[in-house]
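**Q** As a plain string of letters, each chain reads:
Protein chains: 2
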Amino acid sequence: MDITSLESPCLLLDKAKLENNLTRMTAYLADRGVPLRLHVKTAKNINIVQMGLQGQPGGITVSTLKEAEYFLEHGISDITYAVGIAPGKLDHAAALVSKGADLTLLLDNMGQARALNAYNRVKGLKLKALIEIDVDGHRAGVKPDDPVLIDIGRSLGGALAGVLTHAGGSYDCRSVDAIRAIAAQERDLTIKAAERLRRDGLPCPVVSIGSTPTAAFGENFDGVTEVRAGVFVFQDLVQVGLGVCSLDDIAISVLGSVIGYQHEKNWLLADTGWTALSRDRGTAAQALDQGYGLVCDQEGKPYGDLIVRDVNQEHGIIADRHGRPIDFGQFPIGAMVRILPNHACATAAAHNRYHVVEDGRITEVWQRFNGW
Amino acid sequence: MDITSLESPCLLLDKAKLENNLTRMTAYLADRGVPLRLHVKTAKNINIVQMGLQGQPGGITVSTLKEAEYFLEHGISDITYAVGIAPGKLDHAAALVSKGADLTLLLDNMGQARALNAYNRVKGLKLKALIEIDVDGHRAGVKPDDPVLIDIGRSLGGALAGVLTHAGGSYDCRSVDAIRAIAAQERDLTIKAAERLRRDGLPCPVVSIGSTPTAAFGENFDGVTEVRAGVFVFQDLVQVGLGVCSLDDIAISVLGSVIGYQHEKNWLLADTGWTALSRDRGTAAQALDQGYGLVCDQEGKPYGDLIVRDVNQEHGIIADRHGRPIDFGQFPIGAMVRILPNHACATAAAHNRYHVVEDGRITEVWQRFNGW
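As given, the protein sequences belong to chains A and B, one line each in that order.
The first sequence begins at 1 in this note's numbering and counts up by one.
The second sequence begins at 1 in this note's numbering and counts up by one.
Derived from the structure by calculation, the hints contain no laboratory data.
Being a predicted model, the structure only gives us computed values, none of them experimental.
Be aware that a few hints might be false.
One copy or two, it doesn't matter: identical chains are merged, so the pair holds either way.
Only pairs whose alpha carbons sit at most 25 Å apart, straight line, appear in this in silico SDA-like list of lysine to any residue [said to hold, decoys possible]:
id, residue 1, residue 2
1, K15, R361
2, K123, L288
3, K128, S98
4, K143, D297
5, K192, D248
6, K66, A115
Please model the entire structure based on the sequences and the hints provided.
**A** Next comes the structure, spelled out in structure tokens:
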């Protein structure tokens with residue numbers, strides 16, 4: 001089936017680029033002797049995740065218990081739920097364990113530890129958890145030298161699975177050297193936390209770190225038992241801006257159709273609104289602001305500086321980033337374009353399926369899901 | 001069922017507020033003698049739309065052909081698809097007509113008119129279209145005095161259904177007086193376009209205008225045959241900022257749980273990321289920036305200045321908008337909060353169902369959908 005026979009907007013997935021992204025990351029980490037625990041929040045599809053698990057121990061990271069449920073149903077049982085646990089989700093977590101999941105939870109404070117301990121005691125269960133470590137002030141986690149780390153570890157006792165960090169601060173880096181530095185910091189501080197727990201006589205089998213940028217540029221993984229990353233499967237404009245990949249590596253794009261013009265303003269109008277692209281503006285703070293996405297022809301080749309400068313629900317306004325005139329003759333009504341996304345997770349989340357492209361044709365349709 | 005027994009995050013819909021929003025808009029327009037053509041892109045659910053159609057002629061506005069399909073299956077056949085038609089969607093539109101839809105399309109240029117005419121000729125159909133009029137330079141449409149308006153009208157001939165405008169510029173207003181002025185401009189310029197077509201001997205039965213702000217404050221609808229609006233069913237923080245409604249009118253909120261803290265930064269962490277709230281920042285340019293949403297207690301009462309200041313995929317960072325200290329004792333781990341949305345359409349689109357709240361309890365679950 002030809003791309004142009006699809007009804008726009010819809011999500012395209014270039015299979016060769018996907019495979020290349022998976023191979024490169026897997027090989028990079030294998031060379032450094034550390035396994036990948038694929039984060040499945042980006043793809044939320046079993047075909048993609050099975051491709052990503054080749055040559056890996058087989059564990060995955062999820063961002064929702066619905067992901068855990070879906071992948072468990074598809075035969076993957078080693079699952080880390082890498083968002084701090086809310087006590088109200090413990091029943092859901094326990095139900096997954098009863099169905100065979102080897103599920104590991106995450107927490108970073110005594111309130112969560114007490115809730116987990118009480119739940120295990122009352123229900124006679126052994127739900128286990130990692131302690132989240134804050135290595136860069138980005139979001140959640142205990143500082144590696146915070147006394148509460150030991151309090152949480154002691155409180156969990158046998159339910160302690162280890163430590164986990166996500167160096168989300170890597171997304172603020174402005175050079176590859178800065179990413180390398182934050183990758184070293186991520187590893188060093190996570191290991192410091194693990195060693196503090198071990199010195200206190202506590203078990204810390206898992207030392208889990210990761211983000212796509214630090215996984216891509218980390219140099220030393222000694223003492224780390226696994227690396228988590230997810231966005232790299234598709235890559236996106238934010239990763240291009242960080243230097244993690246090139247434009248040609250981006251595996252997903254949104255197919256749209258030209259529906260109108262504002263000639264005086266040098267705008268093209270397309271049927272690619274925020275429902276199709278998301279409202280993610282992850283490149284806004286980068287050196288090259290890509291608006292709501294970079295516009296390519298139907299083969300996926302960028303026009304240069306054409307970006308989606310604004311979005312409404314079902315409309316995208318396309319313009320040259322420097323305000324230069326558009327050659328409207330290139331874009332008759334109905335002409336199809338492909339938009340590269342700022343943030344692959346957000347754009348994929350706007351769709352319920354991938355149209356798999358091989359050699360310029362649609363060969364398969366793969367489903368995906370959202371929700372909790 | 002008690003709200004706190006729900007697993008967070010999820011979407012709550014306060015039925016009394018919904019009813020009040022519907023009643024007020026319907027009465028306002030009825031008093032001014034103009035029917036409402038409800039825009040269903042906000043709710044995408046039949047229960048809500050049936051409530052909104054009470055006392056109306058029964059026509060709806062859609063933003064996707066999937067909406068048209070769903071509402072046709074639920075017995076609503078008078079449908080205006082208010083996004084400029086892409087030629088690649090004509091087969092889908094024709095299929096809806098063959099199933100009984102009285103479907104009206106929209107276009108604003110000769111390329112679309114030619115494509116529609118050619119399609120009608122080849123297929124032996126009579127698909128009809130409105131011409132979109134640009135009254136405020138906001139997005140799409142032909143200027144009311146542009147010669148091409150007549151060219152398009154003549155080209156369409158019997159397929160011409162009338163004119164339609166959306167005064168999206170009303171969202172940039174900074175006072176109710178400014179909204180009243182743009183509402184008058186919306187009406188006057190749309191009627192001007194209709195009269196130009198009629199003077200040329202062309203039919204122009206439909207004169208359709210609308211946006212929630214201009215529908216709420218328009219004073220004169222003489223010559224207008226229908227008003228379209230959608231967001232008002234739920235209202236949101238953007239509408240509060242515009243003066244269209246009060247905080248207490250907002251009918252949807254996202255239920256979340258507190259999962260952690262960063263005490264030094266005065267942050268609460270909750271399980272309300274962009275997957276639950278959307279990344280809409282519609283209040284960013286308003287006098288009161290609400291971040292990614294205003295935080296309320298589980299009864300829906302705002303804490304005051306607590307907002308979601310940042311979001312990741314499954315995390316929301318809550319802080320005081322002025323950076324003042326948080327009383328962490330008020331927010332034990334697992335405490336539930338409700339977040340009012342910037343933009344009701346975007347936040348609703350992040351969910352596949354509404355948990356209907358009546359007198360503080362969940363009484364029903366209504367499904368919704370996305371996609372095309």
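**Q** Is it within a copy, between copies, both, or neither that the alpha carbon of K128 lies no farther than 25 Å from that of S98?
**A** within (14 Å within a copy, 57 Å between copies)
**Q** With identical chains, the pair K15 and R361 could be close in the same copy or across copies; at 25 Å between alpha carbons, which is it: within, between, both, or neither?
**A** For K15 and R361, only the intra-copy Cα distance (11 Å) is at most 25 Å; the inter-copy one is 47 Å.
**Q** Using 25 Å as the alpha-carbon threshold, which applies to K192 and D248: within, between, both, or neither?
**A** neither (38 Å within a copy, 49 Å between copies)
**Q** Under a CA distance limit of 25 Å, which applies to K66 and A115: within one copy, between copies, both, or neither?
**A** within (21 Å within a copy, 44 Å between copies)
**Q** Using 25 Å as the alpha-carbon threshold, which applies to K123 and L288: within, between, both, or neither?
**A** neither (53 Å within a copy, 47 Å between copies)
**Q** When no copy is named, should K143 and D297 be tagged within, between, both, or neither for a Cα gap of at most 25 Å?
**A** neither (47 Å within a copy, 29 Å between copies)
Figure legend: structure checked against the earlier numbered hints; hints not met, in rising order: 2, 4, 5.
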